[in-house]
Amino acid sequence: VTLDELAQVATRDLAAATGRGLSPDAMLARLHRARRRRTAVVSVAAAAVLAAAVAGVGAAVGRDGATPSPRPPAVSVPAPSGETGDDLCDQPLITCPQGGGRSVRVALIDPVELNGVTTNFEALPKIFSVDLLDAYRTGVRYHTGFTVVERAVPVRNSSQWSRDPEAGSTARSIATWLAHRPFLQPTTAVPVSVGGWPAWRVRTVLRGGARMTASRNDDPVAPLFRNPTGARVGVAPDLPGEITLLRSPTGHRVIAIWSWTTSPQTSVLADSRLMIGSLRFP
Amino acid sequence: MAGEAVRPGAVEGVATVVVQLAATETFEGFYRRELRSLVTFAAALAGPAHADDIAQEAMLAAYRRWDVVSGLDVPVAWVRKVCANRAVSALRRRASEGRALVRLGARRDTPTTSDAESDVFWAEVRRLPGRQAQCIALAYVYDLGVADIARTLSISDGSVKTHLSRGRAALAARLAPLLEETP
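Note that the protein sequences, when read in sequence, are chains A and B. Per my numbering, residue 1 is the first one in the first sequence, and the count goes up by one each step. Per my numbering, residue 283 is the first one in the second sequence, and the count goes up by one each step.
Hints are computed from structural coordinates only; laboratory data are not their basis. It is possible that some hints are incorrect.
To be verified - Among chain B residues calculated to face chain A with C-beta under 7 Å, some are:
1) GLY311
2) TYR313
3) LEU317
4) VAL321
5) THR322
6) LEU342
7) ALA382
8) ARG413
9) TYR422
10) ALA454
11) ARG456
12) LEU461
What the hints assert, rightly or not - Straight line, CA to CA, 25 Å or less: simulated DMTMM-like cross-link-like pairs of lysine to aspartate or glutamate:
13) LYS363(B) to ASP219(A)
14) LYS443(B) to GLU379(B)
15) LYS126(A) to ASP218(A)
16) LYS126(A) to ASP271(A)
17) LYS443(B) to GLU5(A)
18) LYS443(B) to ASP4(A)
19) LYS363(B) to ASP4(A)
20) LYS443(B) to ASP349(B)
21) LYS126(A) to ASP425(B)
22) LYS126(A) to ASP238(A)
23) LYS363(B) to ASP334(B)
24) LYS443(B) to GLU406(B)
25) LYS126(A) to ASP349(B)
26) LYS363(B) to GLU406(B)
27) LYS443(B) to ASP355(B)
28) LYS126(A) to ASP25(A)
29) LYS363(B) to ASP13(A)
30) LYS363(B) to ASP335(B)
31) LYS443(B) to ASP425(B)
32) LYS363(B) to ASP401(B)
33) LYS363(B) to ASP425(B)
34) LYS126(A) to GLU113(A)
35) LYS126(A) to ASP335(B)
36) LYS363(B) to GLU307(B)
37) LYS363(B) to ASP349(B)
38) LYS363(B) to GLU122(A)
39) LYS443(B) to ASP430(B)
Everything numeric in this text was worked out from a predicted model, so none of it was measured. The C-beta atom is built at its ideal place from N, Cα and C for all residues, glycine as well.
Using the sequences and the hints given, assemble the complete structure.
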């Protein structure tokens with residue numbers, strides 16, 4: 001049998017399998033429902049624009065009795081491109097702030113807003129649990145992105161993933177502790193800002209010959225953090241990164257934002273900083 | 283507007299606008315005719331589990347721009363391109379998510395296996411680089427030639443030939459045992 005013959009059989013089988021139970025009429029009805037829902041969302045946004053504009057005109061006229069020159073409205077209508085519309089906002093735990101463009105708000109324990117300041121990230125984060133999400137870079141050859149780990153617990157350098165009391169409990173103390181992990185290449189905690197909140201960034205690249213005392217599945221890693229829903233953050237030779245730490249705006253917990261790449265060129269991490277710095281924890 | 287023509291009217295000095303009803307079909311007719319093959323195409327590139335959603339997203343994109351898409355020479359080529367890109371993106375994203383689970387220690391991804399030769403064939407197509415997979419899927423699912431594939435994906439004929447050649451070579455190598463064993 002030739003490749004073409006196999007392909008023809010495979011195509012027939014696939015068509016039969018996908019056609020089974022497929023109802024174009026039912027799917028068309030669903031499509032129209034999605035379309036109507038989107039139209040309603042855009043209408044609400046347009047009404048908000050109109051209200052804001054009318055209020056602005058009224059206030060200005062009231063002040064000086066003259067009609068003001070046109071000014072841009074306070075909010076904008078999202079472009080009906082379909083790329084960031086209801087497909088995106090229909091996901092569990094995700095809402096799209098009105099007039100927010102590419103922004104999405106994720107209802108983690110500490111809600112986080114991804115502002116889409118760069119277009120080189122996928123619009124939709126992957127949410128693993130109420131305190132853990134991933135965001136992925138686009139347009140790069142190597143797997144690159146960052147992970148938001150809420151309720152991050154610093155752990156000892158052992159296989160137990162148990163809390164290390166020496167790290168302290170503030171973002172700053174944990175950043176200092178992190179920068180002095182014996183298995184990391186020499187580094188320091190750099191003060192930065194995340195969405196206006198003070199934070200500290202530490203480079204996490206494994207030192208040559210460092211012993212990895214823990215395992216993540218079957219892979220050896222040098223352990224750094226865990227969180228209550230089971231995430232384990234560890235450093236491996238093929239996963240250089242940076243970890244930014246900040247205090248949770250809603251409590252006394254610490255949020256770790258782990259920027260990582262499988263690329264040997266760690267310069268790609270710098271490209272993720274703009275996105276991470278723009279995260280908001282409203 | 284497509285199908286609209288202006289000509290001098292019978293009354294001197296007055297132009298009569300003659301609006302010819304556009305010959306384009308309705309979106310609903312287009313949808314009913316193309317959906318099944320589009321779902322098959324999406325399944326070829328991204329797997330059956332997500333094919334309905336991907337095809338639906340492509341159709342929704344077409345619906346939102348139907349005034350433009352319906353006026354294209356080959357409207358279905360536009361939808362196939364959207365579908366092809368979304369399918370490859372979806373596949374890449376699932377791969378990213380699978381690696382994330384490993385990275386975060388949640389669990390190791392369990393590959394699904396199938397003994398069916400057809401499933402093996404499409405699984406190997408999905409392992410190809412995105413553009414090669416798109417060209418191969420268009421060639422087999424829609425039986426398109428080089429020129430039509432090039433027009434669908436907005437790439438050159440030469441690129442299509444290269445992608446098809448490399449894709450077929452990779453498939454032949456990976457499926458060699460299957461091809462030899464099949465009577």
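Results of checking the hints against the structure:
1. GLY311: violated (10 Å)
2. TYR313: With Cβ-Cβ at 5 Å, under 7 Å, it holds.
3. LEU317: OK, holds: LEU317(B) within 7 Å of chain A, min 5 Å.
4. VAL321: holds (5 Å)
5. THR322: holds (5 Å)
6. LEU342: holds (6 Å)
7. ALA382: With a minimum Cβ separation of about 5 Å from chain A (threshold 7 Å), the hint on ALA382(B) holds.
8. ARG413: Given a least distance of 14 Å, the restraint on ARG413(B) is violated.
9. TYR422: Holds: closest Cβ of chain A sits about 5 Å from TYR422(B), inside 7 Å.
10. ALA454: For ALA454(B), the interface hint holds, since the closest Cβ of chain A sits about 5 Å away, which is under 7 Å.
11. ARG456: For ARG456(B), the interface hint is violated, since the closest Cβ of chain A sits about 10 Å away, which is over 7 Å.
12. LEU461: holds (6 Å)
13. LYS363(B) to ASP219(A): With Cα atoms ~39 Å apart, LYS363(B) and ASP219(A) exceed 25 Å; violated.
14. LYS443(B) to GLU379(B): The given pair, whose Cα atoms are some 32 Å apart, is violated under the 25 Å limit.
15. LYS126(A) to ASP218(A): holds (23 Å)
16. LYS126(A) to ASP271(A): holds (20 Å)
17. LYS443(B) to GLU5(A): Since the Cα atoms of LYS443(B) and GLU5(A) sit roughly 20 Å apart, the hinted pair holds (cutoff 25 Å).
18. LYS443(B) to ASP4(A): Roughly 16 Å separates the two Cα atoms, so the pair holds.
19. LYS363(B) to ASP4(A): Status holds; Cα separation ~23 Å.
20. LYS443(B) to ASP349(B): Violated, at roughly 33 Å.
21. LYS126(A) to ASP425(B): violated (36 Å)
22. LYS126(A) to ASP238(A): Answer holds: LYS126(A) to ASP238(A) is near 22 Å, not above 25 Å.
23. LYS363(B) to ASP334(B): Answer holds: LYS363(B) to ASP334(B) is near 16 Å, not above 25 Å.
24. LYS443(B) to GLU406(B): With Cα atoms ~19 Å apart, LYS443(B) and GLU406(B) stay inside 25 Å; holds.
25. LYS126(A) to ASP349(B): Not satisfied, since the Cα-Cα distance of roughly 34 Å exceeds 25 Å.
26. LYS363(B) to GLU406(B): Holds - the C-alpha atoms of GLU406(B) and LYS363(B) are around 21 Å apart, at most 25 Å.
27. LYS443(B) to ASP355(B): Status holds; Cα separation ~23 Å.
28. LYS126(A) to ASP25(A): Violated. LYS126(A) to ASP25(A) sits at ~31 Å, over the 25 Å cutoff.
29. LYS363(B) to ASP13(A): holds (23 Å)
30. LYS363(B) to ASP335(B): Holds, at roughly 15 Å.
31. LYS443(B) to ASP425(B): Holds, at about 15 Å.
32. LYS363(B) to ASP401(B): holds (23 Å)
33. LYS363(B) to ASP425(B): holds (15 Å)
34. LYS126(A) to GLU113(A): holds (13 Å)
35. LYS126(A) to ASP335(B): Given that 25 Å is the threshold and the Cα spacing comes to 17 Å, the pair holds.
36. LYS363(B) to GLU307(B): holds (20 Å)
37. LYS363(B) to ASP349(B): OK: LYS363(B) and ASP349(B) at ~18 Å, within 25 Å.
38. LYS363(B) to GLU122(A): Measuring from Cα to Cα gives roughly 19 Å; hence the hint holds.
39. LYS443(B) to ASP430(B): holds (12 Å)
Hint compliance for this structure: hints 1, 8, 11, 13, 14, 20, 21, 25, 28 are broken, all remaining hints hold.
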